Amino acid sequence: MDFEWTEEQQAFRAKLHAFLEAELPDDWEAFSKHGPASPALTEFARHFCRKLAENGMLFPHWPKEIGGEGLGPWEQQILAEVMWEWGEPRGGQYMNVNWIGPTMVRYGTEAQKAKYLPQIAKGEMLWCQGFSEPNSGSDLASLRTRAELEGDAYRVNGQKIWTSYAGLADTCFLLTRTSDDRKRGITILLVPMDTPGITVRQIPSLIGEGDIHEVFFDDVIVPATQRFGEEGQAWEIISYSLQNERLGIPRYHLARKALDRAVGILKESGDFARESVRIEAARCAALCEAARTAIYAIVQKRVDGLPVGGESSSARFATVQAERAVSEFVVEYVPEALAGGSDYLQMHHQRGIVAGIASGAAEIQLNIIAGDVLQLPREPR
Amino acid sequence: MHLALNEDQTQILDFIDSLTRPYATVPLHDTSFALTSDALDAELVEGGFLDVMAVEELGPVTAALVVERLARLPFAVEAAASSLVRPLIDPALPRPLCLVEEGQLRRPVRFLRPGATVVVVSKSGVRSFTAGQAQVRAAGDEVLYAYPVAYLTEVPGDARVHDVAADEILRAWRVALAAEAAGLLGAALQSVTTYVSERQQFGRPIATFQAIRHRLAEDQVATNGVYWMALRAAGSGDAGDAALAALHAQEAAKRVGYDYHQFLGAMGMTLEHPLHLWTYRLKFLTGELGGRGENALAAAAAIWG
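If you're matching them up, the sequences are chains A and B in order.
For the first sequence, counting from 1, position 249 maps to 278 in this note's numbering; every step adds exactly one.
For the second sequence, counting from 1, position 199 maps to 943 in this note's numbering; every step adds exactly one.
No wet-lab data here; the hints were simulated from the structure.
Take these hints with a grain of salt, some might be off.
[To be verified] Here are the in silico distance ranges between beta carbons for each label pair: (1) His746/B / Ser305/A: 32 to 40 Å; (2) Gly299/A / Pro835/B: 51 to 59 Å; (3) Leu335/A / His773/B: 27 to 35 Å; (4) Gly299/A / Glu912/B: 40 to 48 Å; (5) Gly1034/B / Glu297/A: 23 to 31 Å; (6) His46/A / Asp758/B: 54 to 62 Å; (7) Glu392/A / Glu1016/B: 28 to 36 Å; (8) Gly884/B / Glu392/A: 44 to 52 Å; (9) Glu365/A / Pro900/B: 36 to 44 Å; (10) Lys44/A / His746/B: 31 to 39 Å; (11) His46/A / Gly884/B: 54 to 62 Å; (12) Thr1014/B / Arg42/A: 35 to 43 Å; (13) Asp758/B / Glu33/A: 22 to 30 Å; (14) Glu392/A / Gly1034/B: 46 to 54 Å.
[Stated by the list, open to error] Per the computed footprint, the stretches of chain A lying under chain B, defined by three or more beta-carbons under 8 Å from a beta-carbon of chain B, are: (15) 48 to 55; (16) 397 to 407.
Just so you know, these numbers come straight off a predicted model, no measurement behind them.
C-beta: ideal position from N, C-alpha, C; glycine also.
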């Protein structure tokens, strides 16, 4: 066991920081605080991701044959940490890196790979994730958006909600119901967002401008060639994707950086001399580092090609605890941060509330830990 | 970064599992508050399991893994201080090793008995002596800890002074505390999950009630965190990592202390179930090194100055 980064890994992290330092505009913190989905950041990300791609920093962990540098899961984690620490200059395109790309490689048809991977690899594509519905949040398998096969196309009718990036996305990774079988009746369609019959409405949110939406599908016609995987294969595919997604955003890392910033402010004001403040700060740091080490243990499993399983839910829950502790610390001891006092801490706070809700609520993570990690007998249904 | 066990580590843990198999369960009808075994202790010493830190290819992470694994036993073994702290002072010091903070004579001391080595850590330095009859006061037979404990009556004036920084010993002590707590937390969690999976009420295992499932799942998260932070602190040798690991361990110990007995219902009040053999060791560790607040302050000082 070795807890040190290799020299190459340290150099990789330093290279990413140097690149961002040089390339991001001077007012970056004020600019990025509105969240990765804001129209301004989405537009910025389209240029910036292209630049990252040109410099081998968009998908360094992808295999060389599809445009990557062939680096491993540790480099993927370092990349994610650095980007998120800088307020995610890739905007919503981080999803491509974390799970859409890998899922495309594993489950896409040759035609789909040929169509989408080059666009993704060039940093030009923004996806949205058509999963949740008004009556299907944590109980995702109850979703009802219907896709009926008519000849060589599907007719889609239904509604999605809380969809990130939908307002500006090119394509929707859409879950639809093609039969009544709860989990095996769900099918994925890749739907261009400019297809007639799609209506997007932005939902005002606590988490940043342009982040979540309602999406309506009224007689939307989708060619069957846009089906991703087989009919009924969606559950298997998204289980694979979500394992990647759950590790995707290194919130523990930004939380720790935000904590360090907050401590910096408190030192300047003299408040960090107070023992009560120091004790709380250390508690927050412990939660951040607990989450970090738990996540790293999962990354190691990916390096070794082992199944990740319920332990990713454990690491994810640890991250939620860290995120909340730091947010509470800031509110308690650096209250000005939420009122214009610190762009960086405001950015952290605004995004933090997402941690326990998006990509599987914290309570669902606890259910998974209870069943898969602790092996407790199932709850009666 | 490589967080999988290497071959040596896997092998050592396997050896320990084989060696300790006779001690993996509580002897039939035994309802002791604390369990110890001289035979187990002797076997561990003979096998060299408490000396792995000094072996170059094994080092402190392996030592922490050994301590974690041994803490899972229902028997209390003095492994943490000997494995993770003793090599920094003098590998030849006789066991058991008892770590005490200067000026804390009112606190009970684990494993203290005549012949034990007492290590006194103060801001100014580190001293040690072999405890004699006069320096040990028995704690009586109604001790509510699952460790053998006694009181130190004095620190002799002629204690041996060691040429090692007190901060370095405190750091290693925190690692030792966290590694031992990780094992205790893991074993206690295992013990409780087994019980609640078998115990039926309202016609179903009580583990099927979400009120219990979610709390146990959160306990798993805390336990996992302590395990990894303890190993990282052992590996990095960093004072901040060590203090965070100790802090997180004590936070976790506090969290599970009552919850676990609660989940066992009335069985959680008895000595017939072995749960106390882990939780009442955790209770002791909660107060070590000044408790959560002091470890938090130590972490803050190490990280932010």
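Cross-check of the supplied hints:
1. Distance hint for His746/B and Ser305/A: a CB-CB separation of about 39 Å, consistent with the stated range 32 to 40 Å.
2. A hinted range of 51 to 59 Å is violated for the C-beta pair Gly299/A and Pro835/B, which are about 46 Å apart.
3. Taken as a hint, the range 27 to 35 Å is violated for the pair Leu335/A and His773/B, whose Cβ atoms sit roughly 42 Å apart.
4. Take Gly299/A and Glu912/B: their Cβ atoms lie about 31 Å apart, and the range 40 to 48 Å is violated.
5. Here the CB-CB span from Gly1034/B to Glu297/A is close to 29 Å, well matched to the stated 23 to 31 Å.
6. The hint said 54 to 62 Å for the Cβ distance between His46/A and Asp758/B, and at roughly 42 Å that hint is violated.
7. Range check, Glu392/A to Glu1016/B: Cβ separation about 34 Å, and the 28 to 36 Å hint holds.
8. Gly884/B and Glu392/A have their C-beta atoms about 47 Å apart, which keeps the hinted 44 to 52 Å range intact.
9. For Glu365/A paired with Pro900/B, a C-beta distance near 55 Å fails the hint of 36 to 44 Å.
10. Range check, Lys44/A to His746/B: Cβ separation about 22 Å, and the 31 to 39 Å hint is violated.
11. For the hinted restraint 54 to 62 Å between His46/A and Gly884/B, the CB-CB distance of approximately 60 Å keeps it satisfied.
12. Between Thr1014/B and Arg42/A, the C-beta spacing of about 53 Å breaks the proposed range 35 to 43 Å.
13. Judged by the Cβ atoms, the range 22 to 30 Å given for Asp758/B and Glu33/A holds: they are separated by roughly 26 Å.
14. The hint said 46 to 54 Å for the Cβ distance between Glu392/A and Gly1034/B, and at roughly 36 Å that hint is violated.
15. Coverage of the stretch 48 to 55 of chain A by chain B is violated in this model, with 0 residues showing a Cβ closer than 8 Å to a Cβ of that chain against a need of three.
16. Remark: the stretch 397 to 407 of chain A is confirmed as covered by chain B, as 8 of its residues place a Cβ nearer than 8 Å to a Cβ of that chain, reaching the required three.
Against the hints set out earlier in the document, violations occur for numbers 2, 3, 4, 6, 9, 10, 12, 14, 15.
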